[in-house]
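Chemist: Sequence:
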Amino acid sequence: MYRRRGAAGIALTEEDLQHDLDRRRPGTSRYTTQRREPDRVRILSGVFEGVTTGTSIGLMIENTDQRSQDYGAIKDVFRPGHADYTYEQKYGVRDYRGGGRSSARETAMRVAAGRSPKSTSSRNTA
1 MYRRRGAAGI ALTEEDLQHD LDRRRPGTSR YTTQRREPDR VRILSGVFEG VTTGTSIGLM
61 IENTDQRSQD YGAIKDVFRP GHADYTYEQK YGVRDYRGGG RSSARETAMR VAAGRSPKST
121 SSRNTA
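Take 1 as the starting number for the sequence shown in the UniProt record's numbering and just add one per residue.
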């Protein structure tokens, strides 16, 4: 869930957000996870009839392909190139079931949330 307070009167739809999410979708390259998640975004608040209201914009993307049990075999191993070691050192907590805040899944919401300012700037420069 993400909330962002923004300006009123800016056109914003789930389709606008979905376009950018589809570009970062996992499973589209051999270098990324092969999980096939739809990353469907839902606007929960802050938008009425396709226009921002000026209140907080609430977004949700459900994680439909989580497989926490897949990580049981590596629960005592830090993955090379992954942030789980850094997170344990910094916060003293390690959730080995997929990375938590250091998960690539976390980027889905960043992409969706980043679309709101993009809409604003493209509208103001046109």
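None of these hints come from the bench; they were simulated from the model. This one's a predicted model, so the numbers in the text were calculated from it and none came from an experiment. Don't take every hint at face value.
To be verified - With beta-carbon atoms standing in for the labels, derived distance ranges:
| no. | residue 1 | residue 2 | range |
| --- | --- | --- | --- |
| 1 | V77 | F48 | 47 to 53 angstroms |
| 2 | R25 | R101 | 18 to 24 angstroms |
| 3 | R79 | V51 | 42 to 48 angstroms |
| 4 | E15 | E88 | 23 to 29 angstroms |
| 5 | G9 | R101 | 29 to 35 angstroms |
| 6 | G81 | V51 | 26 to 32 angstroms |
| 7 | G50 | K90 | 25 to 31 angstroms |
| 8 | M60 | P80 | 15 to 21 angstroms |
| 9 | A8 | P38 | 39 to 45 angstroms |
| 10 | T64 | A11 | 44 to 50 angstroms |
To be verified - Here are the simulated lysine to aspartate or glutamate pairs, DMTMM-like style, with alpha carbons at most 20 angstroms apart:
| no. | residue 1 | residue 2 |
| --- | --- | --- |
| 11 | K75 | E62 |
| 12 | K90 | E106 |
| 13 | K90 | D76 |
| 14 | K75 | E88 |
We put the CB at the ideal spot given by N, CA and C, even for glycine.
Chemist: Find the hints from earlier in the document that the structure breaks and name them by number, from lowest to highest.
Modeler: Numbers 4, 6, 7, 8, 9, 10 and 11, in rising order.
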